[in-house]
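> Protein sequence lines correspond, in order, to chains A and B. With the numbering used here, letter number 12 in the first sequence gets 12, and the count goes up by one each step, no holes. With the numbering used here, letter number 120 in the second sequence gets 440, and the count goes up by one each step, no holes.
Please keep in mind that the hints were generated in silico from the structure rather than gathered at the bench. These figures come from a predicted structure and were not determined experimentally. Ideal Cβ placement from N, Cα and C applies to all residues, glycine included. Don't take every hint at face value.
[To be verified] Pair ranges (Cβ atoms, derived):
| no. | chain 1 | residue 1 | chain 2 | residue 2 | range |
| --- | --- | --- | --- | --- | --- |
| 1 | B | 491 | A | 177 | 56 to 62 Å |
| 2 | A | 103 | B | 431 | 36 to 42 Å |
| 3 | B | 339 | A | 124 | 25 to 31 Å |
| 4 | B | 434 | A | 213 | 25 to 31 Å |
| 5 | B | 491 | A | 22 | 20 to 26 Å |
| 6 | B | 434 | A | 214 | 43 to 49 Å |
| 7 | A | 19 | B | 400 | 42 to 48 Å |
| 8 | B | 376 | A | 283 | 27 to 33 Å |
| 9 | B | 445 | A | 214 | 44 to 50 Å |
| 10 | A | 206 | B | 431 | 41 to 47 Å |
| 11 | A | 211 | B | 411 | 45 to 51 Å |
[As the list claims (entries may be wrong)] If you only want the chain B side, here are some residues facing chain A, beta carbon under 10 Å, derived:
| no. | residue |
| --- | --- |
| 12 | 345 |
| 13 | 424 |
| 14 | 444 |
| 15 | 450 |
| 16 | 558 |
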Amino acid sequence: MDTVQKVKHSSMKKKRKIKTFATIRKMARNWELYLFLLPTITYFIIFKYVPMYGLQIAFKDFIAVDGIWGSPWVGFEHFIRFFESYQFWNLLSNSLLINLYQLLFAFPIPIIFALMLNQVTRSRFKKLVQTVTYAPHFISVVVLVGMIFIFLSPSNGFINNIIQLFGGEPIYFMGSESWFKTVFVGSEIWQTTGWSAIIFLAALSSVDPQLHEAAIVDGASKLQRIIHIDIPGILPVIMIMLILEIGNFVTLGYQKVLLMQNDLNIASSEVVQTYVYKSGLLNTQFSYAAAIGLFENVINFVLLIMMNQLAKKFKQQSLF
Amino acid sequence: MDSLARVARSKNDKIFDFINYSILTIILLVVLYPLYLIVISSFSDPVAVNSGKVMFWPEGFTLKGYEILLENSEVWRGYLNSMLYTILSVIVNLILVIPAGYALSRKDLVGRNFFMFFSVFTMFFSGGLIPSYLLVQQLNMIDTIWAVIIPSAVSAFHLIVVRTFFQTTIPDELLEAAKMDGCSTTVFFLKIVVPLSAPIIAVMALFSAVSEWNSYFSALIYLQDQALYPLQLILRSILVASQDAATVTDGAVDPELIAEQQQYKELIKYSLIIVSSLPVLVIYPFFQRYFVKGVMIGSIKG
Chain A
1 MDTVQKVKHS SMKKKRKIKT FATIRKMARN WELYLFLLPT ITYFIIFKYV PMYGLQIAFK
61 DFIAVDGIWG SPWVGFEHFI RFFESYQFWN LLSNSLLINL YQLLFAFPIP IIFALMLNQV
121 TRSRFKKLVQ TVTYAPHFIS VVVLVGMIFI FLSPSNGFIN NIIQLFGGEP IYFMGSESWF
181 KTVFVGSEIW QTTGWSAIIF LAALSSVDPQ LHEAAIVDGA SKLQRIIHID IPGILPVIMI
241 MLILEIGNFV TLGYQKVLLM QNDLNIASSE VVQTYVYKSG LLNTQFSYAA AIGLFENVIN
301 FVLLIMMNQL AKKFKQQSLF
Chain B
321 MDSLARVARS KNDKIFDFIN YSILTIILLV VLYPLYLIVI SSFSDPVAVN SGKVMFWPEG
381 FTLKGYEILL ENSEVWRGYL NSMLYTILSV IVNLILVIPA GYALSRKDLV GRNFFMFFSV
441 FTMFFSGGLI PSYLLVQQLN MIDTIWAVII PSAVSAFHLI VVRTFFQTTI PDELLEAAKM
501 DGCSTTVFFL KIVVPLSAPI IAVMALFSAV SEWNSYFSAL IYLQDQALYP LQLILRSILV
561 ASQDAATVTD GAVDPELIAE QQQYKELIKY SLIIVSSLPV LVIYPFFQRY FVKGVMIGSI
621 KG
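This is chain A alone, in the form it adopts within the complex (with noise of 0.2 Å):
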């Protein structure tokens, strides 16, 4: 018995070791792929894992000229500074807050927005619809921007134009703390709607079509089949979605909110990453500003985790 052990013991060394021997030989083989992998992971490495190292900062006082490394540790210091700064509950509320209203409205209209697309028999007009509707995807935020600020204008502003038309009275939105989400998340729907529909569009043209055809041979109707074959269809794709629409969860659109922000309505508008960037970059309190960031970040971490382990108990799509 014991001899027959060692002989499979010995022999499963001599296998294991066959294979790294052979890993090594493919390794050689194939040195030229890891010279073509080389800038691109040292890249990655520099401008991506250095400042993730660079994030202890969050729990030091951060001196210039000691630099990350020589600066001395403080713990959680900032964090808890953070926490209990007057400003705390109004960024958490202003940046889910928003964020929730992306969630409720801008994520399910671009799937509604493929579902109608995807019935149009006639094709000019599919492209037609198409082709103008991805067409904000590529203004930038600062046209966007400008372009709220011109249409929304009280004293000339088409919005109000055609609000005075009916006989109304002229809004300030720009300069209302109550309109400032309404106008975020209206002005984000008009410009995403027709790009991110496109991953629907994609999934609706991989349905079988046989299924289709056999519901219509039992009768069914255009919305029926909608509702019983294209949204199960593409319910996959929608949860990938969402899961990474979640997993941007607090960060979506800084740049555009940091846009949009003026002294009028800013108690509305202040969100977790415009704070991080004034805190941090304006009035360089990179300590603070870096833990903050490090509290986002692991929010959205651990809410891009959770939405995932979800979807895997449902059995729907996951990413990982």
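Fit chain B to the supplied structure of chain A, relying on the hints for placement.
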């Protein structure tokens, strides 16, 4: 399928089609009208624009807004800067993404999953604004053009798109055949893979060109020297911060010019939007299928 559908089309479906087409037409108009309004306003008399008379066609046709812009050296410089940054960032992007994407598509690459995870992880967790800023500072890139090009040049998403493209377009047999003929990986890549990858090169170039052309934030945080400002930052000062174009102009000493520019302040905004969005909006319909292709390749394995 078509004839079947025609037979089975019930009254319900007709109502559905009517509503569907109507709503889509409304969506079409809602998206199109703001864009159209900007275009016609940029050709209209500023007084008519300001009083809200311009709604469906230009009133009092004028090219004054464009003339003023042509004389504005800040806008010109921003334009040229943006073009330079866009071209450079496309080059950097392609160099970093195409060879690496090909390497990751090879099934015989040992450690492929590790490298993939290594890249994809950066999509979901990042150091954030402050550590990135400190890094750029430490690399002495603040106030150089590299600060707005390099840190944002490549994302893991690009790498996934390129890898997926190669996985689906370069058959294994091709590589086997080339190997049989004693072709090295580099030669195979340059002679066979690159000529076959025109679509993916187009997709990547367009993606990175559009995002660089439209970005303002890295320029805002990394650049202080006004001579380096890209167009979007100039736009921001005129459109958003509502700074008068007059104060941005070099020749602001002439009071007559200032008065004139004050009058045309709104007009300039419209023509500026057109001038800055034109390159992208003109290019995009021709390359629409490439953009769409890029999004779809990326979504196969998000």
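> None of the hints should be skipped; say for each whether it holds.
Structure-based check of each hint:
A beta carbon spacing of about 59 Å between residue 491 of chain B and residue 177 of chain A agrees with the range 56 to 62 Å that was offered as a hint. The hint said 36 to 42 Å for the Cβ distance between residue 103 of chain A and residue 431 of chain B, and at roughly 37 Å that hint holds. Range check, residue 339 of chain B to residue 124 of chain A: about 20 Å between beta-carbon atoms, so the 25 to 31 Å window is missed. Taking the beta carbon of each, residue 434 of chain B and residue 213 of chain A are about 46 Å apart, not inside 25 to 31 Å as hinted.
For residue 491 of chain B and residue 22 of chain A, the hinted distance range of 20 to 26 Å is satisfied, since their beta carbons lie about 24 Å from each other. Residue 434 of chain B and residue 214 of chain A have their C-beta atoms about 45 Å apart, which keeps the hinted 43 to 49 Å range intact. For the hinted restraint 42 to 48 Å between residue 19 of chain A and residue 400 of chain B, the CB-CB distance of approximately 58 Å leaves it violated. Here the CB-CB span from residue 376 of chain B to residue 283 of chain A is close to 49 Å, at odds with the stated 27 to 33 Å.
In this structure the supplied range 44 to 50 Å holds for residue 445 of chain B paired with residue 214 of chain A, their Cβ-Cβ distance being about 46 Å. At roughly 32 Å, the beta-carbon separation of residue 206 of chain A and residue 431 of chain B lies outside the given 41 to 47 Å, and the hint is violated. For residue 211 of chain A paired with residue 411 of chain B, a C-beta distance near 47 Å keeps the hint of 45 to 51 Å intact. Of the supplied interface hints, the one on residue 345 of chain B holds, with its beta-carbon coming within about 8 Å of a beta-carbon of chain A, less than 10 Å.
The closest approach between the C-beta of residue 424 of chain B and any C-beta of chain A is roughly 7 Å, which is under the 10 Å cut-off, so the hint is satisfied. For residue 444 of chain B, the suggested interface contact is upheld, since its CB lies about 6 Å from the closest CB of chain A, less than 10 Å. At a threshold of 10 Å, the smallest CB-CB gap from residue 450 of chain B to chain A is about 4 Å, leaving the interface hint in force. Given hint, residue 558 of chain B at the interface with chain A, holds; its Cβ is 8 Å from that chain's nearest Cβ, closer than 10 Å.
This entry does not satisfy hints 3, 4, 7, 8 and 10, going by the numbered hints stated previously.
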